[in-house]
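Can you build the whole structure from these sequences, using the hints too?
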Amino acid sequence: MDFCFARSRIHLALAVLAALALCALHPASAADKPDPVADAKAFRNYFVNKFPNVKLEDFVNGPYALNEDMRRQWEQKEQFPPYEFSLEMGKELFAKPFKNGRHYADCFPNQGIGIRQDFPYFDTREGRVVTLELALNRCREANGEPPLSYVDDEMAALTAYMAFTSRGKPFAIKVPDDPRALEAYQNGKRYFYARRGQLNFSCATCHVQNPGERMRAEVLAPALGILNAMPIYRSEWGGMGTISRRLTTCNSQIRGVPLDPQDEEYRDLEYYLSYVSNGLSISGPGARP
Amino acid sequence: MASSIRVRAIANGEITEVQTLIQHPMDSGFIKDDKGAFIPAHFIQELTFEYDGRKVFIADWGTAVSKDPYVKFSFKGGNKGGDLKVSWIDNKGETDATIVKIQ
Amino acid sequence: MTAIPSRAQMRVSIYWLIVLMIAGTAPVRAAGSETAFKASYAAAEAAEREAGRLRNQWTVTEAALADAKKAADKGDFDQAIASAKEAEALARASIFQAISEKDAWKQLEIR
Amino acid sequence: MTTSHNGLPPTRRLILKGAGSVALAGLGIVSFRPLAASAANDTYPEDAFRQREANEAIKLLYGRTAEPSDKVKLDAPEIAENGAVVPISVATTLTDVTSVSFLVPENPNVLAAYYKIPPGSMPNVANRLKMARTSNVIVIVEAGGKLYSATKEVKVTVGGCGG
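Protein chains in written order, with our numbering: chain A, 1 to 289; chain B, 1 to 103; chain C, 1 to 111; chain D, 1 to 163.
These are calculated hints, taken from the structure and not from any lab test. There's no promise every hint is true.
[Said to hold, decoys possible] Calculated lysine to any residue pairs in the SDA-like style (CA-CA distance at most 20 Å, straight line):
#1 Lys41(A) x Asn187(A)
#2 Lys41(A) x Ile110(C)
#3 Lys155(D) x Glu68(A)
#4 Lys72(B) x Glu17(B)
#5 Lys67(B) x Pro108(D)
#6 Lys55(B) x Thr98(D)
#7 Lys155(D) x Arg133(D)
#8 Lys33(A) x Lys69(C)
#9 Lys85(B) x Pro77(D)
#10 Lys72(B) x Pro81(A)
#11 Lys67(B) x Gln79(A)
#12 Lys55(A) x Pro170(A)
#13 Lys106(C) x Glu265(A)
#14 Lys55(B) x Pro119(D)
#15 Lys72(B) x Glu14(B)
#16 Lys169(A) x Glu265(A)
#17 Lys92(B) x Thr43(D)
#18 Lys174(A) x Glu68(A)
#19 Lys155(D) x Glu218(A)
#20 Lys71(D) x Ser89(D)
#21 Lys106(C) x Asp58(A)
#22 Lys80(B) x Ala2(B)
#23 Lys67(B) x Lys169(A)
#24 Lys72(B) x Pro77(D)
#25 Lys33(A) x Asp103(C)
[To be verified] With the C-beta cut set under 10 Å, the calculated list includes, among others, these residues of chain C facing chain A:
#26 Ser33
#27 Glu62
#28 Ala98
#29 Ile110
Fair warning: this is a prediction, and the values are worked out from it, not measured in the lab. Where is the CB? At the ideal position from N, CA and C, for every residue including glycine.
Here it is in structure tokens:
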């Protein structure tokens, strides 16, 4: 397995350095002004051209769009999905009043139903990206409740329920006319493409260059539509996991120390990656191996 | 506490198709926890479906049935609106049961 | 923002990294002392802190630091120094990665 | 907490079951094949579930061997997307089916599930099983007192590098 080739950490580091040294000989072209609209178009075209047999709306189903044998297993499990219990828990948690009598629903437009596709958004008042997970915890804190862990079951269940009520609604992420929003978008893009960890992988190494290929036991999902399916029930976890959980485990898998969940870089990444999947429907909660 | 048992029983002509999903860890006893100690086996051993006073399906399970186990079967003679009783017992003697209407 | 290093600076850092890594892999002949370990460990920690400032630490660096500490606690300073040097080399590689990726990421971008 | 499905507390039920078989054996009524269960027999085949060899488990469960049959259709993936949850099902055109069992010879305990099919129930069963590694999956259909089987290999790619 490719992941296992180097027992010696030093040898791998040397290989990384050699690759980096080569890169350094070919400096990148000067940065242009970010153009989210053009980016999203190019992003979508890349995947559509790479997988001409996959329907555009099917990209939200991740590896199942690319692998027939896996798709059958998924469809069989979807007859009675194992995430049913988490979804019910999310529904109950969402409806349960806080100690002050108010509800999650009071913190969101349309009582929190069918709004997943609008997250994350750029808050022009605060000048930062607000994800659904962050918004849920802020709602709690505004109502005198302690925040939930971003990587635990309760947050996963809440976002699963909110995604479920939004299934079929296309991502509608906006980059407002505000230089800070554009900066956050660009920062997310940089994070997505920058190599990190001892394996010297970027998010794009797996999810742009190699979707459909096997990495360890997993078939890599295409980056287009990857967040539409969040949160995801993973058989490997035996439970539902948040976007925060997925991003931090992605980092560990490439031998990078994860940032704190909901760190600015993660939120910006989510902003960028959601934006370039605009127009594709929410399919979450998803199921993955 | 909500029931651990979810059932979808749908009558189509004379055949009733039953799908069940149960919330249960189904610990095999072969997995270690974070501290390296084996998590003791904890799994459903028998799951029984009864309709109209007769057993229509009995599942005997070992440790290799997945977490939150699922099973699908079908039987003849079920009527829409009829009661299907589903119950399980695990290796620790814990049990749960529910009655659902065939749809 | 840290200034992007010139190519000459990069070449210098690659040189240092290779030196450090050779040092890290070569068996330490003389019996390691606690003082030598402390110096190696402090250098490794400083490099890892810098990687943290660049938000680009590696899990293997953390593991090598932990190995160093464990060996030192057992009084095996040869091993402790070797692990600390490995940790420093890894931390420096992660710093190098972070700095070069400040620009290099653009080569991967879909356009 | 709900009660056990036969109305007895579970521990009592198990004790009764044990006591009953001892008493009957003492009277010499039962020939010693208590493990050769059939659909009419409601005991949990505990010993069969503990076996590490497929043949042993089958012998304990049925007391005889199975013949491969193309009337038994086993559906399982080529490559399990995750060994923790592998959807596996069986359908058959055989009549008078009284039981269906699934075995995974490479698992620590080879017998995974044993389903009793009373008269009037269909011999089609779908379930989700754990697979420790790449293995054959064997399904055995008991029909008219005979055993028929089908086998399929399922590849399990285990995550991680073993370290």
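Right, here's what the structure says about each hint:
1. For the suggested pair Lys41(A) and Asn187(A), the alpha carbons sit about 19 Å apart, so the restraint of at most 20 Å is met.
2. For the hint pairing Lys41(A) with Ile110(C), the CA-to-CA distance comes to about 10 Å; that is within 20 Å, so the pair holds.
3. This hinted pair checks out: Lys155(D) and Glu68(A) have alpha carbons roughly 15 Å apart, not beyond 20 Å.
4. Between Lys72(B) and Glu17(B) the alpha-carbon distance is near 7 Å, which keeps this suggested pair within the 20 Å criterion.
5. The straight-line distance between the Cα atoms of Lys67(B) and Pro108(D) is roughly 17 Å, inside the 20 Å bound, and the hint therefore holds.
6. Of the pairs offered as hints, the one joining Lys55(B) and Thr98(D) holds, with about 13 Å between alpha carbons and a cut-off of 20 Å not exceeded.
7. In summary, the hint linking Lys155(D) to Arg133(D) is supported, as the alpha carbons are separated by about 7 Å, within the 20 Å threshold.
8. Taking the CA atoms of Lys33(A) and Lys69(C), the gap is about 47 Å. The hint is violated against a cut of 20 Å.
9. At roughly 32 Å between alpha-carbon atoms, Lys85(B) and Pro77(D) are farther apart than 20 Å, so this suggested pair is violated.
10. Of the supplied pair hints, the one linking Lys72(B) and Pro81(A) holds, its CA atoms being roughly 13 Å apart against a limit of 20 Å.
11. A distance of roughly 16 Å separates the Cα atoms of Lys67(B) and Gln79(A); the hinted pair therefore holds under the 20 Å criterion.
12. Annotation: proposed proximity of Lys55(A) to Pro170(A) holds, straight-line Cα distance about 15 Å (limit 20 Å).
13. Between the alpha carbons of Lys106(C) and Glu265(A) the distance comes to roughly 17 Å, so the proposed pair stays at or under 20 Å and holds.
14. Our distance criterion of 20 Å between C-alpha atoms is met by Lys55(B) and Pro119(D), whose separation comes to about 10 Å.
15. Of the pairs offered as hints, the one joining Lys72(B) and Glu14(B) holds, with about 17 Å between alpha carbons and a cut-off of 20 Å not exceeded.
16. Taking the CA atoms of Lys169(A) and Glu265(A), the gap is near 26 Å; set against the 20 Å cutoff, the hint is violated.
17. With a C-alpha separation of about 16 Å, the suggested pairing of Lys92(B) with Thr43(D) holds against the 20 Å cut-off.
18. The straight-line distance between the Cα atoms of Lys174(A) and Glu68(A) is roughly 34 Å, outside the 20 Å bound, and the hint therefore fails.
19. With a C-alpha separation of about 13 Å, the suggested pair Lys155(D) and Glu218(A) falls inside the 20 Å cut-off, and the hint holds.
20. A threshold of 20 Å between alpha carbons decides the hint, and for Lys71(D) with Ser89(D) the separation of about 14 Å falls inside it, so the pair holds.
21. Proximity of Lys106(C) to Asp58(A) is assessed by CA-CA distance (about 28 Å); at most 20 Å being required, the pair is judged violated.
22. The hinted pair formed by Lys80(B) and Ala2(B) fails the criterion: a straight-line CA distance of about 24 Å is larger than 20 Å.
23. Between the alpha carbons of Lys67(B) and Lys169(A) the distance comes to roughly 31 Å, so the proposed pair goes past 20 Å and is violated.
24. The suggested pairing of Lys72(B) with Pro77(D) holds, with an alpha-carbon distance near 17 Å, which does not exceed 20 Å.
25. Simply put, Lys33(A) and Asp103(C) have alpha-carbon atoms about 15 Å apart, close enough for the 20 Å limit, and the pair holds.
26. With 10 Å as the threshold, the beta carbon of Ser33(C) stays out of range of chain A, its nearest partner Cβ sitting at about 23 Å, so the hint is violated.
27. Because the beta carbon of Glu62(C) sits about 6 Å from the nearest beta carbon in chain A, less than 10 Å, this interface hint is met.
28. Because the beta carbon of Ala98(C) sits about 8 Å from the nearest beta carbon in chain A, less than 10 Å, this interface hint is met.
29. The closest approach between the C-beta of Ile110(C) and any C-beta of chain A is roughly 5 Å, which is under the 10 Å cut-off, so the hint is satisfied.
Consistency note: the structure conflicts with the earlier hints numbered 8, 9, 16, 18, 21, 22, 23, 26.
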